[in-house]
Amino acid sequence: MDSPLEPFVMPSDTDVAWCPGCGNHMVLKAVRGALDELKIEPENLVMVSGIGQAAKAPQYLKVNMFNGLHGRALPAALGIRLANRNLTVVVESGDGDLYGEGGNHFLHAIRRNFDITIIAHDNMIYGLTKGQASPTSQRCMKTPVQVGGVNLEPFNPLAVALSLDAPFVARAFAGNIEQTRSIIMEAIRFKGCAIVDVFQPCVVFNKMNTWQWFREHTCELPEKHDPSDRLMAMQQAFRSDKFPLGIFYRNENRETYEDLAGIGASPLFRQTPVSDEAFSAMLETFL
Amino acid sequence: MQEHQDDFSMVFEGAAGQGVQTITSLLLPVLRKSGHHVFSCMEYMSRIRGGSNSTEIRLTGKPRRTYVSRIDLLLSLTPRAYERLHERLHEHTLIFAEEEKFGTHWDSRCIETPLGRFANEAGGAVYSNVSAVGVVLAVLGIPLERCTDYLRAQFAGKGEEVVERNIRAAQLGYEFGIQLPADRRPKLPEPAHENQRDSLMMDGTSALGIGAIAAGCNFICSYPMSPGTGVLTFLAARAKGFGIIVDQAEDEIAAINAGLGASYAGAKSMVTTSGGGFDLMQEGMSLAGMIETPIVVHIGQRPGPATGLPTRTEQGDLDLALHAGHGEFARAIFAPGTLIEAIETMQRAFDTAQRYQIPVVVLSDQYLLDAVSTIRVDEIKRLPAKPGIVETGKEYKRYAFTESGLTPRGVPGFGAGIVRVDSDEHDEEGLITESFEMRRRMMEKRLARLQTLRNEALRPTVIGNPDTAEIITVCWGSNRGVLEEALERLDDNRVAGLHFAQLWPLVRDTAGLLGNGRKKIIVIENNAQGQFANLLHRESGIDVSRRILKATGEPFSVEEIVEKLTEIAHGQST
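Chains as they are written, first to last, in our numbering: chain A, 1 to 287; chain B, 1001 to 1574.
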């Protein structure tokens, strides 16, 4: 799997900025495995990210990359899809980036339902800024800012996504690379806005949600779970005893934004200049 | 009678929802077809119904592109007209109104005009504005048929009854208007005998939109904000025909980031907004600078700070455009002053953004965007649009060092290479770096282009003869029209003018253009502090001796500038 002949693999001397033992390494492995198996050509894939440790993920893959601003991966991804719908677009960023700084964009990306995959590294903390609460931090976690403990209910990305009829909603856990890889593969294959929230620990700053905590607090979706049933998915998303893993919801019937907007197959960079005839015809309307 | 026979100025006042703009839009084509040069502008309140709005139409002997304060004919529909406009009236102004609605200032200039009765006779209150059009045409001596033909074409889709009611309303107004005694009839400028097909009539918004289409703009993402929205709707209306992707973003932050995403993927991308929306776009400006990705940002200025006066005009966002975005990077700023300049500078903005891989700002304002005038078709130029991107090879590096600092721009999906852009400091491949040496070289790379950008900066338009003049009056953006006309009226060879349509970078010999300190420099701008005057001084070292400023939310009238310049020129000679 680490053969330098494989696509997506960076040179072995690449300086990876993640801490040893961080969940990011596992997510990267899962993403690379999914891309390999899907046989996507690296030049036709764009990875888009915001800012944070998770957002560095595309740096460690040999792919087209738009590493934009904090919270703004989704609008950039929209622009890329609208300009060239032949590109496969995968957004990879953290919980703070996607649910906090970019929260409004998250809502509207789902409403639009353009064809992207959102991989949210969810470690329930801000790592790169040294351990403050994130939107998904659990209550009572003490941090240098939330000195008395987090007193807000965590943001529930899956329930929010389901309420907006996001057509593909899943949760994975970095501790289970195989399942994460297969969910990400499904998500990339899916035509529409696919959301994969990936649990992972921050081994340096989050002393509450550790590898062990995640193992103890996650479970599989019930066997009778029907991913085409949005209410059933919502029920699973609202669970507080344990956090289920797997594909909560799939709706194959939502039209993509690209189709609704009538985006053609020819990318904008191939467009020919406006002809003199068409230009003159427009001017005529101002006679 | 009016003071200038080559210039007749009419103002139509009414509440929002009373159709004052309809009066203008019905009159303008008819007046043009009668051979007159027209200029029209509007001022309106930020509300959907009520209040008091007005539009001005000037009929002039030669093309004009600014308004005059003087009102020769006022047609008023609300009691607030007098309070808002009385300083602009003169002793011979014809005032058409209903005494009951006009209020206590009724005097011998006023003509009782029962528009309400005409409208009711025609079929309802909504027709009073069409009756007003009938009155005006009669007073101007223009045959009603010119208008009825237009009404027929305009309302054909709404059925015969609506057409007939409109025509009836216009007729009633017309029959009233022709009774105006001969000694009160205005003398109009001689109609020009130009071929109508040689000229076009449009507002500034349309001119900017035409410029964008000429440049091959194929992507616009924006969040509505007056007065910048017009460019978005202009392109949306033509999106299908020209293959333009139009997207309404959830906010301005999304708009510019989507614009940059599209540009990264090879679109010719723009956003349109006003100052408040641009505040939110600043991080995107900085991103464009860092990732060397072209984008055109149109800012339709209105008075700030904060929400300010949403429907009024100002030139208060130059400093913002100059400094928007953290960190240091290259940019260009254009500020057209005429319709032709709007069409040209918008094309130039796209070309500059593409060739220099930078964000480019086009600064307009409510006055320029909403004002209507005519341009000659043969003056409209299409600048050659050079291809901005290259096909990548296997070893492509997005930020490979070159002498000029500009790397041929590849886009994902075009060629065998991969294209990485990164808001972090990056190496030639676009990968994150913390090497100080790489940082130094990348900063040099990104800023080197400022030199060539400055070499090709637009030279200001010269008005009069600055070589012989003692006073040089400088303006930018929408103030070109008012300065040109004021200097013409002043007719004093000691005073010349310069209009800047590019504000950044400024041409290299700006100091020379300003007379190297040997002339008195006056700067005219629609803001409170003289932002351009400060910039000129900073860039050229030349002192600005006087600033003519206005930040009330209104544009300068010709009379105001003439008065100020007369006073200054008089001071000069004593």
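It cannot be assumed that every hint is accurate.
As the list claims (entries may be wrong) - If you want a taste of the chain B side facing chain A, the calculated C-beta under 7 Å gives, among others:
1) A1254
2) G1266
3) L1383
4) P1387
5) V1390
6) G1393
7) I1542
8) V1544
These are calculated hints, taken from the structure and not from any lab test. Remember, it's a predicted structure, so these values are computed and weren't measured experimentally. Every residue gets a Cβ at the ideal spot worked out from N, C-alpha and C, and that includes glycine.
Which numbered hints fail: 3, 4, 5, 6, 7 and 8
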